[in-house]
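Participant: Take a look at the letters that make up each chain.
Number of protein chains: 2
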Amino acid sequence: MIKTVEWTDEGVRMIDQRILPMEEKYLMLRSYEEVADAIKKMVVRGAPAIGVSAAMGLALGAKQSVGTAVADLEYDFDHMCDVMGKTRPTAVNLFWAIERMRDAFRRAKAETASVEEVKERLVAEAQAIFTDDIKANRNLGRFGGELIPDGSTVLTHCNAGALATAGDYGTALGVIRGARDAGKRIAVIADETRPFLQGSRLTAWELAKDEIPVTLITDNMAGHVMKQGKVDAVVVGADRIAANGDTANKIGTYMVAVLAKQHDIPFYVAAPISTLDLTLSTGEEIPIEERDPREVTHMRDYQLAPDGIEVQNFAFDVTPNELIAAIITDKGVARQPYTESLRRMVEG
Amino acid sequence: MIKTVEWTDEGVRMIDQRILPMEEKYLMLRSYEEVADAIKKMVVRGAPAIGVSAAMGLALGAKQSVGTAVADLEYDFDHMCDVMGKTRPTAVNLFWAIERMRDAFRRAKAETASVEEVKERLVAEAQAIFTDDIKANRNLGRFGGELIPDGSTVLTHCNAGALATAGDYGTALGVIRGARDAGKRIAVIADETRPFLQGSRLTAWELAKDEIPVTLITDNMAGHVMKQGKVDAVVVGADRIAANGDTANKIGTYMVAVLAKQHDIPFYVAAPISTLDLTLSTGEEIPIEERDPREVTHMRDYQLAPDGIEVQNFAFDVTPNELIAAIITDKGVARQPYTESLRRMVEG
Numbered sequence: 001m002i003k004t005v006e007w008t009d010e011g012v013r014m015i016d017q018r019i020l021p022m023e024e025k026y027l028m029l030r031s032y033e034e035v036a037d038a039i040k041k042m043v044v045r046g047a048p049a050i051g052v053s054a055a056m057g058l059a060l061g062a063k064q065s066v067g068t069a070v071a072d073l074e075y076d077f078d079h080m081c082d083v084m085g086k087t088r089p090t091a092v093n094l095f096w097a098i099e100r101m102r103d104a105f106r107r108a109k110a111e112t113a114s115v116e117e118v119k120e121r122l123v124a125e126a127q128a129i130f131t132d133d134i135k136a137n138r139n140l141g142r143f144g145g146e147l148i149p150d151g152s153t154v155l156t157h158c159n160a161g162a163l164a165t166a167g168d169y170g171t172a173l174g175v176i177r178g179a180r181d182a183g184k185r186i187a188v189i190a191d192e193t194r195p196f197l198q199g200s201r202l203t204a205w206e207l208a209k210d211e212i213p214v215t216l217i218t219d220n221m222a223g224h225v226m227k228q229g230k231v232d233a234v235v236v237g238a239d240r241i242a243a244n245g246d247t248a249n250k251i252g253t254y255m256v257a258v259l260a261k262q263h264d265i266p267f268y269v270a271a272p273i274s275t276l277d278l279t280l281s282t283g284e285e286i287p288i289e290e291r292d293p294r295e296v297t298h299m300r301d302y303q304l305a306p307d308g309i310e311v312q313n314f315a316f317d318v319t320p321n322e323l324i325a326a327i328i329t330d331k332g333v334a335r336q337p338y339t340e341s342l343r344r345m346v347e348g
Numbered sequence: 001m002i003k004t005v006e007w008t009d010e011g012v013r014m015i016d017q018r019i020l021p022m023e024e025k026y027l028m029l030r031s032y033e034e035v036a037d038a039i040k041k042m043v044v045r046g047a048p049a050i051g052v053s054a055a056m057g058l059a060l061g062a063k064q065s066v067g068t069a070v071a072d073l074e075y076d077f078d079h080m081c082d083v084m085g086k087t088r089p090t091a092v093n094l095f096w097a098i099e100r101m102r103d104a105f106r107r108a109k110a111e112t113a114s115v116e117e118v119k120e121r122l123v124a125e126a127q128a129i130f131t132d133d134i135k136a137n138r139n140l141g142r143f144g145g146e147l148i149p150d151g152s153t154v155l156t157h158c159n160a161g162a163l164a165t166a167g168d169y170g171t172a173l174g175v176i177r178g179a180r181d182a183g184k185r186i187a188v189i190a191d192e193t194r195p196f197l198q199g200s201r202l203t204a205w206e207l208a209k210d211e212i213p214v215t216l217i218t219d220n221m222a223g224h225v226m227k228q229g230k231v232d233a234v235v236v237g238a239d240r241i242a243a244n245g246d247t248a249n250k251i252g253t254y255m256v257a258v259l260a261k262q263h264d265i266p267f268y269v270a271a272p273i274s275t276l277d278l279t280l281s282t283g284e285e286i287p288i289e290e291r292d293p294r295e296v297t298h299m300r301d302y303q304l305a306p307d308g309i310e311v312q313n314f315a316f317d318v319t320p321n322e323l324i325a326a327i328i329t330d331k332g333v334a335r336q337p338y339t340e341s342l343r344r345m346v347e348g
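Which chain is which? The protein sequence lines are A and E, in order. The first sequence begins at 1 in the working numbering and counts up by one. The second sequence begins at 1 in the working numbering and counts up by one.
These are computed hints drawn from the structure, not numbers from a lab. Among the hints, erroneous ones may be present.
Claimed, not checked - Under the rule of at most 20 Å between Cα atoms (straight-line distance), these lysine to any residue pairs were calculated in the SDA-like manner: (1) E:LYS209 with A:LEU304; (2) A:LYS261 with E:ILE265; (3) A:LYS230 with A:ARG185.
What the hints assert, rightly or not - Sample of chain E residues with no beta-carbon within 10 Å of chain A, all distances over it, derived: (4) LYS40; (5) VAL70; (6) HIS79; (7) CYS81; (8) VAL115; (9) GLU116; (10) VAL123; (11) LEU147; (12) ASP168; (13) LYS184; (14) ASP232.
In this text, all values refer to a predicted model and were calculated from it rather than measured experimentally. C-beta atoms are modelled at their ideal positions from N, C-alpha and C, and glycine is treated no differently.
All chains, please: the whole structure from these sequences, using the hints.
Facilitator: Written out as structure tokens, the structure reads:
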């Protein structure tokens, strides 16, 4: 099993996703600041993995707080939550995890005056967030797997696999693993996903490790392979899903959705309900992160573009709900109209 | 003026497009084999530039032939034409240029028994192909420039600029230069164009040199910037255009065309009539080159994907005519139905 992020006695242990697949290296992060920095620099990425990592970072920070009263710890903890919340703006799982940790703090505070007890509860909550994510993706994979016919070739964009979650199944790749574990033969086409190359570096690596057949293409080949009839379904993950089903996900997802529609290929989004943000009525309101132009103009130290030109580096885009055939969650499969079906998922 | 390829007394001089923009280096190719190899390895690329280079390579080969009779020269020349024709399969300008050189040979042979005279005529023909390409793109740029309103932002894919032609204007970028030279303010969004990065390496370099504002994006951002209303028109080049207007061009062009349709943005193809292949009734018949997977899995020596996975590396795709608002040629602007309008262009 791929271990994306783990709680240990020494700190939070993460596989460094910036250097996969050429190096399989694990970092031990020994403070909440190091965890926040790892999220910002994309040592760890993927909405559920960011949520789990943030929770573990907060538990680690709380554990290390030197306050002797719960009020001191609370002061420190609030600051840590602020720092953690500023790492990346788009994935809502980050804010969901921070909120869940804040809730755990509030509950603990109401029940005990022991700083040690509060700290233990925060560590337990972070571990529960980890375990819940694994379970959620197993469920999601089972529900989603039913939608994928035996013998299908599934195109996916970015990495929504074990590496994008606490580990194990993943979301979009969880659907593929769910289908495989139900006895179906599934092949995958992976978009390389510029500029960070989550597809070539992470998805291809994960699937190869798991012996699921994978073919790598550049992002701009997706239309051509669909036109050739090589794609039976598209499954992607999500960073934030608005109440109406509009879905923010890795840049290029919208393009894949438009191409899928053009070729009458079902386009599925797979995400745990922690990715739903029902406070936003549409995807227009989702903040889209823009990252350093250097990610586009350079490959490590090798320069790919002339100096001094303008560059745009949007990390995400929004796919409107009308392009989405179904949203696969750990509570079941939501269909149009999403405003109703997603609310039922959360309430159910 | 950018000099993509030039005839010199020493041989064929080319800018090495594999290492632009970090190094501006010129290669002197001293045999037809070296020219063929440069085409195959993409030292020079772009349909019209391949045509001009092939013609110059054949002229160089003929010049160096040691045959003392025209029949000896013809034997050598036929072999050179075969070698040159096997370099790259998709761009029809290659075969068009070879055919034009063969015609020149036939005409010369009918009129003279002097080997030297035939060689001189072949050199003159290659130089005429060069000059005609520059002139064609100036005309194409003027016609196309009229279609682009003042203040437009034009998205382009790959490089269909000076570097894709004999030099000077280019085709798609010829349209942009034509608009600019008609006094219009035009900005360009350039797709980086994986895997060879003609957009970031070549288009951005050319336009920056020419002081035309350019913004670089990854290929998978094209949908997002269109959705944001930032794109007024798309202009791309072509490698081969079938009788019905179906257009083979750099991989990803089809994707851009589908996205343009989704956003009601006019999608234009710009190419000299040497890119028309009226012997093919539809684009289905155009051979699509597949290149070395290493172009996708590696960036120079830096590995981007795990070992042992499947990779597809289609160099081109075909955009169906119904997605094309107009085909801009050196003889004028062709509109639907293309089967009639393109035939008129060639006959006119």
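Participant: Look at each hint and say if it fits the structure.
Facilitator: So, going through the hints one by one against the coordinates:
no., hint, in the structure
1, E:LYS209 with A:LEU304, "holds, 16 Å"
2, A:LYS261 with E:ILE265, "holds, 18 Å"
3, A:LYS230 with A:ARG185, "holds, 15 Å"
4, LYS40, "holds, 20 Å"
5, VAL70, "holds, 46 Å"
6, HIS79, "holds, 35 Å"
7, CYS81, "holds, 31 Å"
8, VAL115, "holds, 46 Å"
9, GLU116, "holds, 45 Å"
10, VAL123, "holds, 35 Å"
11, LEU147, "holds, 24 Å"
12, ASP168, "holds, 20 Å"
13, LYS184, "holds, 19 Å"
14, ASP232, "holds, 16 Å"
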